[in-house]
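There are 2 protein chains.
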Amino acid sequence: MDETRRLAEYLATSPPEDVPDDVRHEARRSILNYLGCALGGSREPAVDAAMRALGPYSGPATAAVLGRGERLDPLHASLMNGISSHVHDYDDTTPGNYIHPSSPVASALFAYASQSRITGGDFLHAFVLGFEAECRVGNAVFPAHYDAGWHITGTAGVFGAAAAIGRLRGIATPQMVWALGLAATQAAGLREMFGSMAKSFHPGRAAQNGYAAALLAEAGFTAGEHAIEAPRGFAAVQAARSDLSRVTAGLGVDYDLRVNTYKPFPCGIVNHPTIDGCIQLHDAHGLTAGRVRQVRLKVAPLVKDLCNKQRIGTGLEGKFSVYHGAAVGLVRGRAGLDEYTDQAVTDPEIRRIRESAVADADDSLTEDQARIAVELNDGAVIETFVEQSLGNLRKPMTDGQLEEKFRGQAVRALPEAQVEDAIGLCWRIDGLEDVGELVRAAVAGSAAAETVG
Amino acid sequence: MDETRRLAEYLATSPPEDVPDDVRHEARRSILNYLGCALGGSREPAVDAAMRALGPYSGPATAAVLGRGERLDPLHASLMNGISSHVHDYDDTTPGNYIHPSSPVASALFAYASQSRITGGDFLHAFVLGFEAECRVGNAVFPAHYDAGWHITGTAGVFGAAAAIGRLRGIATPQMVWALGLAATQAAGLREMFGSMAKSFHPGRAAQNGYAAALLAEAGFTAGEHAIEAPRGFAAVQAARSDLSRVTAGLGVDYDLRVNTYKPFPCGIVNHPTIDGCIQLHDAHGLTAGRVRQVRLKVAPLVKDLCNKQRIGTGLEGKFSVYHGAAVGLVRGRAGLDEYTDQAVTDPEIRRIRESAVADADDSLTEDQARIAVELNDGAVIETFVEQSLGNLRKPMTDGQLEEKFRGQAVRALPEAQVEDAIGLCWRIDGLEDVGELVRAAVAGSAAAETVG
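Just so you know, the protein sequences line up as chains A and B, in that order. Take the first sequence: its letter number 294 is residue 294 in our numbering, and every next letter is one higher. Remember, our numbering sits 1000 above the position in the second sequence when you count from 1.
Honestly, the hints are just simulated from the structure, not real lab data. Glycine included, C-beta positions come from ideal geometry on N, C-alpha and C. Treat the hints loosely; a few may be bogus.
[Stated by the list, open to error] Pulled a few chain B residues facing chain A out of the computed Cβ check, cut under 10 Å:
1) Ala1049
2) Pro1056
3) Pro1060
4) His1076
5) Ala1184
6) His1202
[Unchecked claim] Negatives, chain B to chain A, calculated, CB over 10 Å:
7) Pro1095
8) Thr1222
9) Gly1252
10) Val1358
11) Phe1385
12) Arg1428
Generate coordinates for the entire structure from the input sequences, incorporating the hints supplied.
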């Protein structure tokens, strides 16, 4: 029973050259996707509110807030980056544990890299290790932990941030054990927050708290030595069932980055097959709102569990409405950020179609599948079955699709020329002598030196 | 099912004059006891380590750190105050829920009062409300929540800090609902950390996170509206069984402050009857180490569960060793801060007697009781039975005993004249026009204007 120590030893000592090439490339894809999401969300009201509330309490403003002009201390910058990158629910997901894995880790790493000179090689390695740490802890407690109501992105994410920052600080195994302990004892985030700003607060706070855990451990602040596996440790307290072998099985051989997925649509992933199918129907039949009478969906049971909101008034609520996803797919033939605004949700035609929809749980469907039937005003019924949804592991987004997704988000925060620079720098990140070059491409131009507080 | 809203409404709107006189006096006793603990712990290595790690990230240094010279932003000051006040495990306890209730609330309030001018009346009222909020949330989930492995001082404490700071900021009921939600979704702290510095981190982080929750809510950062009672809210996720009626039953009539208790000894409260009895045997028989051959204890089963450490090397571990408590009580006739140093724990005679001791769980004993038998070197056996331990609700510490306890701790941080000033100001706190007067008495004299970072 020494999973915490064995994981800590791996995090503190494994050499960068052990990371295989395919994992490196997936890390670049994850970082590109992460950064696009952080840019796309950086001007949202949740970030503005957090800046208003906490900006005045920031320490020396040495770190960039991605996509914005203000600078903060790196702990607060980690928080803001985390909120930005998750606020649209557009970031990546590891389908085996429902974690949005890049946000807690990369939010802390970008804050760190903006105030300390680090090489891209070290950045990428710390990212890989942080990603592994959080997924391994998450895998050990999934699904009982998630089913109980924990937002696993927050609870597992704090381990990832602690691991990544701890590695960059060069702490040794005993301090890494404490860093993981201080992460464990801050693991928080309730699914009850879904549909409010507090959901995106979770990866942000995980990034900030994990960063602080590494700093505290480095300074000799002690924690329990068996934080993950002890009878009153993370797994036992926060999951009715767990499999601790998953923390360490195949360390350095199996990488969860290989099973990372990227969302084509900025909403709960379980809605994706429905949206994918509705867009296909839109395209095949040239649908307009006026032609649609009623929508009937058959979906995996989890969809009803997570995304059953139908009478909604905000864009944020729309992300948790499979009905809204169906309506925008059918009417607009797309589901990008513009389809998850308050305006889109309150559009009368979208609303009418959303409220016409019926969704039945169907045990025979996987979470990648959906059956859609649309009754048109002329009485005709058009149907489709989605067997694999775009963005899942069997039908991944291509590098080019990820670039397109990046552009669609980044233009909300950056001038166009910076957008293309940032894309190029992400693809060659592990060759950079100073990740600060990428950070500078990812903040609002001339305002990059401003401070708040 | 609107416990969160009803609690929030009470916290946001109940008038100060509703607090009865006996509750006011208990609040003064709690504040005095809290402040003594914060002063007594303020120079401990855990606080030094946290200052080293996080001081450089502090925002504008507007707030005092109790007992020290440095100033920090009020969020970081809340954290440090929380660590200081709990590091000796000498702070108060509500026996019905095992919460150390003053630390999370008062740690935030003292930080707030050191950077914003507030009256003692407002301070005391916010303290009463914060205390109620955390105890009511804790009562609803106790004992299942604690038994599962949660350090309830951290998990419930964050609600108390959010409530107290939210009240001082004057936020209305809807924002208080969000503040409680942001508290709920940060509720963390594992009992696995007991015996390490991370235990005292819990009330500190609860104070800091609750403070931030109030600021965020005030700025319009939204959270789930049913954070306590929802199917994926705090009670359901973090306790196998709960009684939500306890959140609101008797609001404004019943006060948990009336059942607060103060520790005569700076260690786990379940050790107290054993220590009390051992001191009685020391005094009655003029015991010295050389006369003691072996110690036999009968204790409530929880003692074995919480404080069964016997082979120990640090003062911190001593707090969780009923055997160590017995040894110092028998040999020294007292168990103050000096009996919980590394030096005391490694004293050869103390160690010999500690390691001679046997403790058996006895179901017939309450947690206020202990049976002690000591075999002397001449073969005689002396015995005692403790029916009520000093400091419990039936045998509370007097105001004078609390002052003595305060003095014994405060001299570690303050000149003697300041100690007496601080005691006087605590007793008349609700008459102060500016609590800053008390704060100034509670920081290290001439160094009070220094900053770190």
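Verification of the supplied hints:
1. Ala1049: holds, 4 Å
2. Pro1056: Nearest chain A Cβ about 7 Å off; hint holds.
3. Pro1060: holds, 7 Å
4. His1076: holds, 8 Å
5. Ala1184: The hint holds - alanine 1184 of chain B has a Cβ within 10 Å of chain A, the shortest such distance being about 6 Å.
6. His1202: Hint on histidine 1202 of chain B: holds, closest Cβ of chain A at ~7 Å, below 10 Å.
7. Pro1095: Consistent with the label, proline 1095 of chain B stays out of reach of chain A, its closest Cβ about 21 Å off (over 10 Å).
8. Thr1222: violated, 4 Å
9. Gly1252: holds, 26 Å
10. Val1358: Per Cβ check, valine 1358 of chain B is outside 10 Å of chain A; nearest 23 Å; holds.
11. Phe1385: holds, 31 Å
12. Arg1428: holds, 31 Å
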